[in-house]
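Undergrad: With the sequences and hints as input, model every part of the structure.
Each chain, written out:
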Amino acid sequence: MERKIRVLVAKPGLDGHDRGAKVIARALRDAGMEVIYTGLRQTPEQIVQAALQEDVDVVALSILSGAHNHLFPRVVELLKENKAEDILVFGGGVIPEDDIPFLKSKGIAEVFGPGTPTSVTVDFIKANIKRK
Amino acid sequence: MQTNHEDLAQRCLSGDIRAIARLISLLEDGDRQAYQIFGTLKNSLGRAQVIGITGPPGSGKSTLTDKMITGLRKRGKRVGVIAVDPSSPFSGGAILGDRLRMQGHATDPGVFIRSLASRGTLGGLSKATASAVHILDAAGYDCIIIETVGVGQSEVDIVKVADTVILVSVPGLGDDIQVIKAGIMEIGDIFAVNKADRDGADRVVREIRAMLETQAMLKFGKAVPAGPDTLAARNAEAVHHGRLMETPQKTETEQDPHAALELPPVLKTVAETGEGVDVLLETALKQFETARLSGELEKRRMRAIRAQLQDLVSWQVMEYFLSHEGVRHLDRLSKAVFSHSIDIYSAAETLFEEFFHGGIK
Numbered sequence: 001m002e003r004k005i006r007v008l009v010a011k012p013g014l015d016g017h018d019r020g021a022k023v024i025a026r027a028l029r030d031a032g033m034e035v036i037y038t039g040l041r042q043t044p045e046q047i048v049q050a051a052l053q054e055d056v057d058v059v060a061l062s063i064l065s066g067a068h069n070h071l072f073p074r075v076v077e078l079l080k081e082n083k084a085e086d087i088l089v090f091g092g093g094v095i096p097e098d099d100i101p102f103l104k105s106k107g108i109a110e111v112f113g114p115g116t117p118t119s120v121t122v123d124f125i126k127a128n129i130k131r132k
Numbered sequence: 001m002q003t004n005h006e007d008l009a010q011r012c013l014s015g016d017i018r019a020i021a022r023l024i025s026l027l028e029d030g031d032r033q034a035y036q037i038f039g040t041l042k043n044s045l046g047r048a049q050v051i052g053i054t055g056p057p058g059s060g061k062s063t064l065t066d067k068m069i070t071g072l073r074k075r076g077k078r079v080g081v082i083a084v085d086p087s088s089p090f091s092g093g094a095i096l097g098d099r100l101r102m103q104g105h106a107t108d109p110g111v112f113i114r115s116l117a118s119r120g121t122l123g124g125l126s127k128a129t130a131s132a133v134h135i136l137d138a139a140g141y142d143c144i145i146i147e148t149v150g151v152g153q154s155e156v157d158i159v160k161v162a163d164t165v166i167l168v169s170v171p172g173l174g175d176d177i178q179v180i181k182a183g184i185m186e187i188g189d190i191f192a193v194n195k196a197d198r199d200g201a202d203r204v205v206r207e208i209r210a211m212l213e214t215q216a217m218l219k220f221g222k223a224v225p226a227g228p229d230t231l232a233a234r235n236a237e238a239v240h241h242g243r244l245m246e247t248p249q250k251t252e253t254e255q256d257p258h259a260a261l262e263l264p265p266v267l268k269t270v271a272e273t274g275e276g277v278d279v280l281l282e283t284a285l286k287q288f289e290t291a292r293l294s295g296e297l298e299k300r301r302m303r304a305i306r307a308q309l310q311d312l313v314s315w316q317v318m319e320y321f322l323s324h325e326g327v328r329h330l331d332r333l334s335k336a337v338f339s340h341s342i343d344i345y346s347a348a349e350t351l352f353e354e355f356f357h358g359g360i361k
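So the protein sequences, as listed, match chains A and B. Numbered per the working numbering, the first sequence spans residues 1 to 132. Numbered per the working numbering, the second sequence spans residues 1 to 361.
Hints were generated in silico from the structure; no laboratory data involved. There is no bait here: all hints are sound.
To give an idea of the interface, some chain A residues facing chain B are shown, with a C-beta separation under 7 Å as derived from the structure: (1) R3; (2) M33; (3) E34; (4) Y37; (5) Q49; (6) L52; (7) Q53; (8) D55.
No more than 30 Å apart at the CA atoms, straight line, and that leaves these computed lysine-lysine pairs for DSS-like: (9) B/K160 <-> A/K4; (10) B/K127 <-> A/K130; (11) A/K126 <-> B/K127; (12) A/K4 <-> B/K127; (13) B/K74 <-> B/K286; (14) A/K4 <-> B/K42.
Given the structure is predicted, the values throughout are model-derived calculations rather than measurements. Virtual Cβ for every residue (Gly too), placed ideally from N, Cα, C.
TA: Shown next as structure tokens:
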């Protein structure tokens with residue numbers, strides 16, 4: 001049997017809008033991946049525990065409220081603390097261009113803004129997952 | 001590879017989250033070598049109570065599971081959850097959304113939640129569900145809850161894995177004929193009528209009880225007196241609905257307490273608020289204890305092992321068939337059937353004979 005790519009789609013922080021996260025989840029599903037969706041208003045701790053228990057290859061974070069500079073790096077940090085730095089982390093949502101270099105320096109592999117074709121995200125995951 | 005698996009098995013026994021999670025993935029992906037870990041784990045199996053929760057999509061299984069986790073944690077039990085959702089028949093992908101209702105327990109070290117995609121299996125579970133249960137059992141979780149995919153009428157695989165099956169119904173899905181049909185309604189050890197704050201809940205309760213009483217009556221050849229706890233209530237309902245029921249005004253000895261025990265309880269719950277969930281949980285725990293003491297649990301587990309073993313062998317045979325030229329012969333004979341040169345039943349017979357008696361290598 002082939003190995004399935006497993007992705008955790010998570011919404012950290014307090015914004016209450018998850019249309020984007022659901023579209024991504026759906027696109028990844030259609031690309032043959034198994035997507036676990038956490039729902040809204042998750043703490044980095046909840047997201048990381050879910051990622052560990054679900055043994056995912058990827059954590060996809062979506063945020064619209066502006067707290068990305070705090071919450072995204074925190075997820076990466078907690079994964080490291082749990083010796084799970086092999087899990088790929090990327091983000092999406094409303095993220096100002098200027099913040100992207102900082103996020104990347106903190107271990108966020110990529111940031112996808114509004115309008116990114118879903119195929120780009122799919123290809124990115126396939127090319128970058130660390131556990132083959 | 002070998003040492004890696006052994007290391008994972010040891011870490012699983014000590015409760016290491018990543019090891020547990022990884023082992024489940026390996027088993028899910030059909031890694032044959034991973035099965036070897038059960039040599040190490042086998043003496044640690046059979047300790048947990050396995051509760052299956054099944055019912056139609058949207059009936060509240062995940063929310064009910066969430067509230068049951070809370071109740072089990074209050075009782076000091078460590079809880080493992082396996083939540084199965086369907087895979088796409090087209091892309092093979094899946095959206096696993098059961099966890100969403102249980103994320104409140106994500107950071108509790110006494111709770112482990114794992115979502116599985118059904119991956120083409122149609123019985124309400126996935127092939128790896130039983131193995132995932134074994135992993136959580138070996139890792140020391142006291143109670144393992146399996147939430148099936150949203151089921152219809154015939155997905156009954158859960159009985160092969162669970163010690164206790166809770167069948168969740170909701171008001172508004174159909175009339176009493178749905179309740180007496182064969183299949184899913186026969187496998188409940190406990191019936192939960194969820195969303196019981198909605199109209200029609202009492203009717204569903206009565207219909208299920210009537211179904212269970214008829215079942216018991218057919219089995220024991222006489223009208224079954226209701227259990228003492230709910231006797232008055234049920235009589236009142238029966239009278240209220242003009243349903244004929246033998247009045248259970250008998251002496252203790254005349255009553256058949258065994259028959260009364262045979263009736264699975266029908267309980268009302270409102271998972272959203274938690275109403276009734278504690279009674280449901282208590283009933284499940286008590287039922288398990290009773291079954292353990294009476295030897296019924298042992299019998300049930302023997303039957304389950306037998307069924308699981310049968311599944312494993314048939315999957316292995318199919319895999320062997322499809323990986324050994326079987327596909328080519330499948331194609332050849334399909335064409336022959338299509339062109340009417342052989343009928344489909346003879347083709348199946350031919351395929352079987354050729355494959356198992358030396359024809360196909």
